[in-house]
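Listed in order, the protein sequences are those of chains A and B. UniProt numbering puts the first sequence at residues 1 to 209. UniProt numbering puts the second sequence at residues 1 to 209.
It should be emphasised that the hints constitute simulated quantities derived from the structure, not laboratory data. Certain hints may be false.
Said to hold, decoys possible - Pair by pair, the computed Cβ-Cβ distance ranges are:
#1 A:Gly-50 with B:Val-128: 34 to 40 Å
#2 A:Glu-152 with B:Ser-151: 23 to 29 Å
#3 B:Ser-151 with A:Gly-46: 54 to 60 Å
#4 B:Pro-120 with A:Arg-68: 18 to 24 Å
#5 B:Thr-51 with A:Ser-58: 29 to 35 Å
#6 A:Val-84 with B:Lys-105: 39 to 45 Å
#7 A:Arg-12 with B:Thr-51: 49 to 55 Å
#8 A:Thr-39 with B:Gly-31: 35 to 41 Å
#9 A:Lys-13 with B:Val-128: 43 to 49 Å
#10 B:Glu-57 with A:Val-84: 52 to 58 Å
#11 B:Arg-37 with A:Asp-61: 22 to 28 Å
#12 A:Val-84 with B:Ser-35: 41 to 47 Å
To be verified - Distance condition first, Cα-Cα at most 30 Å in a straight line; then the derived BS3-like pairs of lysine-lysine:
#13 A:Lys-131 with B:Lys-98
#14 A:Lys-121 with B:Lys-121
#15 B:Lys-105 with A:Lys-131
#16 A:Lys-131 with B:Lys-109
#17 A:Lys-105 with B:Lys-121
#18 A:Lys-121 with B:Lys-105
#19 B:Lys-131 with A:Lys-131
#20 A:Lys-109 with B:Lys-131
#21 B:Lys-109 with A:Lys-121
#22 A:Lys-131 with B:Lys-8
#23 B:Lys-77 with B:Lys-121
#24 A:Lys-109 with B:Lys-121
#25 A:Lys-105 with A:Lys-19
#26 B:Lys-98 with B:Lys-77
#27 A:Lys-98 with B:Lys-131
#28 A:Lys-77 with A:Lys-131
#29 B:Lys-131 with B:Lys-77
#30 B:Lys-131 with A:Lys-121
#31 B:Lys-131 with A:Lys-105
A quick note: this is a predicted structure, and the numbers were derived from the prediction, not measured. Glycine included, every Cβ here is placed at the ideal spot set by N, Cα and C.
Residues per chain, in single letters:
Protein chains: 2
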Amino acid sequence: MAYRETEKMRQRKAQARNKIIECTWECVAEGGFRSARITRIAGLAGVATGTIYRHFESREDLFAEIFRLATQREVDKVAEALSVPGNAVERLDGALRKFAQRALKGPMKAWALIAEPVDPKVEQERLVYRKAYASLFEKAIQDGIAEGSLSEQNARLSSTCLVGAISESLVGPLSPTQTNTTPGNDNNQDELVNAIVCFCIRGLTDSRS
Amino acid sequence: MAYRETEKMRQRKAQARNKIIECTWECVAEGGFRSARITRIAGLAGVATGTIYRHFESREDLFAEIFRLATQREVDKVAEALSVPGNAVERLDGALRKFAQRALKGPMKAWALIAEPVDPKVEQERLVYRKAYASLFEKAIQDGIAEGSLSEQNARLSSTCLVGAISESLVGPLSPTQTNTTPGNDNNQDELVNAIVCFCIRGLTDSRS
Numbered sequence: 001m002a003y004r005e006t007e008k009m010r011q012r013k014a015q016a017r018n019k020i021i022e023c024t025w026e027c028v029a030e031g032g033f034r035s036a037r038i039t040r041i042a043g044l045a046g047v048a049t050g051t052i053y054r055h056f057e058s059r060e061d062l063f064a065e066i067f068r069l070a071t072q073r074e075v076d077k078v079a080e081a082l083s084v085p086g087n088a089v090e091r092l093d094g095a096l097r098k099f100a101q102r103a104l105k106g107p108m109k110a111w112a113l114i115a116e117p118v119d120p121k122v123e124q125e126r127l128v129y130r131k132a133y134a135s136l137f138e139k140a141i142q143d144g145i146a147e148g149s150l151s152e153q154n155a156r157l158s159s160t161c162l163v164g165a166i167s168e169s170l171v172g173p174l175s176p177t178q179t180n181t182t183p184g185n186d187n188n189q190d191e192l193v194n195a196i197v198c199f200c201i202r203g204l205t206d207s208r209s
Numbered sequence: 001m002a003y004r005e006t007e008k009m010r011q012r013k014a015q016a017r018n019k020i021i022e023c024t025w026e027c028v029a030e031g032g033f034r035s036a037r038i039t040r041i042a043g044l045a046g047v048a049t050g051t052i053y054r055h056f057e058s059r060e061d062l063f064a065e066i067f068r069l070a071t072q073r074e075v076d077k078v079a080e081a082l083s084v085p086g087n088a089v090e091r092l093d094g095a096l097r098k099f100a101q102r103a104l105k106g107p108m109k110a111w112a113l114i115a116e117p118v119d120p121k122v123e124q125e126r127l128v129y130r131k132a133y134a135s136l137f138e139k140a141i142q143d144g145i146a147e148g149s150l151s152e153q154n155a156r157l158s159s160t161c162l163v164g165a166i167s168e169s170l171v172g173p174l175s176p177t178q179t180n181t182t183p184g185n186d187n188n189q190d191e192l193v194n195a196i197v198c199f200c201i202r203g204l205t206d207s208r209s
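Based on the sequences and whatever the hints tell you, model everything.
So this is what it looks like as structure tokens:
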């Protein structure tokens, strides 16, 4: 009996934890990390603020977990888009396009994940994920060099340029998404995605070849 | 007399302030913002920690000021490099190269200014300066389109891609400068600068033209 009780408690604890995570993500998706105040999350989750701190040592730890979960989903999408048939240029074009389209569909989420000034703990996680994206792109660029669809280049450096160019232009503070886009205007968004992906693909492609 | 006393006090205050700024920048240039602890700065400047807080409301305010001063110097250098004679592609090439070379010469400084996870107050300043770089590049790209050295493109978006690509690849956590460069190896550094500038210029240049 003692064992089953423990098991039940564990389940309940896990459920409460998931609920907190879910509600935090809801806040972040709506207004970024800055709008995810603990009192608000507690209210949404229907728990006391103290309960949140039983599950997460600090607000920063909670945010870091949210960040990991949400970013891993995005990294998986890019990995998926890179694993389709086709040459490397086509696959990179598709993956960059997918990344861009998802970011434009949820600009606040994308901003929170990529550019929002947050606690150093979240910034550290962010570095890990930037690396994950860059590694995926690097592998594809190496494939492209090997198969001849891309010319000889420093694949790691090019992948890093891709991550920088796409994240800055899509969801950075300089991005049109942060300044003057009319959300829901699909034509504008398509143009934006095209312009960014073109810059990136041109950057990879030797114009003299 | 009362007036002259006040003037003297003002000068002394300004001197102390400058000394604090100087010593903070010394710490930052050596080990990033994280290594610039108030006690250390106070020690270097030969003042009590309390004195620092008489000049700056908080450590964050001090950092934001340091950040503004140091970054403005870099922005000025890029502006200078863009104002030489030549067509836009040449001027952009020169400016990107200058930015890259300066960053590689002082990688810790560059990392602190561009990529180090810091307090949100500094992050906010960072956004202002990213915008300053992007505006300079945007103007040059527009010149290039007007004179015909660059093909028609969304100048703002391309400038944002430039800022992202160069800052990520040069001093971002993914950059070779953060992982496996041998500092002082000029050949490596030249190769690095070349690869980054090439990616950027290719990104701007229509390979079909």
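Right, here's what the structure says about each hint:
| no. | hint | verdict |
| --- | --- | --- |
| 1 | A:Gly-50 with B:Val-128: 34 to 40 Å | holds, 39 Å |
| 2 | A:Glu-152 with B:Ser-151: 23 to 29 Å | holds, 25 Å |
| 3 | B:Ser-151 with A:Gly-46: 54 to 60 Å | holds, 57 Å |
| 4 | B:Pro-120 with A:Arg-68: 18 to 24 Å | holds, 20 Å |
| 5 | B:Thr-51 with A:Ser-58: 29 to 35 Å | holds, 32 Å |
| 6 | A:Val-84 with B:Lys-105: 39 to 45 Å | holds, 43 Å |
| 7 | A:Arg-12 with B:Thr-51: 49 to 55 Å | holds, 54 Å |
| 8 | A:Thr-39 with B:Gly-31: 35 to 41 Å | holds, 37 Å |
| 9 | A:Lys-13 with B:Val-128: 43 to 49 Å | holds, 44 Å |
| 10 | B:Glu-57 with A:Val-84: 52 to 58 Å | holds, 54 Å |
| 11 | B:Arg-37 with A:Asp-61: 22 to 28 Å | holds, 24 Å |
| 12 | A:Val-84 with B:Ser-35: 41 to 47 Å | holds, 46 Å |
| 13 | A:Lys-131 with B:Lys-98 | holds, 26 Å |
| 14 | A:Lys-121 with B:Lys-121 | holds, 15 Å |
| 15 | B:Lys-105 with A:Lys-131 | holds, 24 Å |
| 16 | A:Lys-131 with B:Lys-109 | holds, 22 Å |
| 17 | A:Lys-105 with B:Lys-121 | holds, 28 Å |
| 18 | A:Lys-121 with B:Lys-105 | holds, 28 Å |
| 19 | B:Lys-131 with A:Lys-131 | holds, 24 Å |
| 20 | A:Lys-109 with B:Lys-131 | holds, 22 Å |
| 21 | B:Lys-109 with A:Lys-121 | holds, 21 Å |
| 22 | A:Lys-131 with B:Lys-8 | violated, 53 Å |
| 23 | B:Lys-77 with B:Lys-121 | holds, 24 Å |
| 24 | A:Lys-109 with B:Lys-121 | holds, 21 Å |
| 25 | A:Lys-105 with A:Lys-19 | holds, 24 Å |
| 26 | B:Lys-98 with B:Lys-77 | holds, 8 Å |
| 27 | A:Lys-98 with B:Lys-131 | holds, 26 Å |
| 28 | A:Lys-77 with A:Lys-131 | holds, 15 Å |
| 29 | B:Lys-131 with B:Lys-77 | holds, 15 Å |
| 30 | B:Lys-131 with A:Lys-121 | holds, 25 Å |
| 31 | B:Lys-131 with A:Lys-105 | holds, 24 Å |
Taken one by one, the earlier hints fail for this structure only at number 22.
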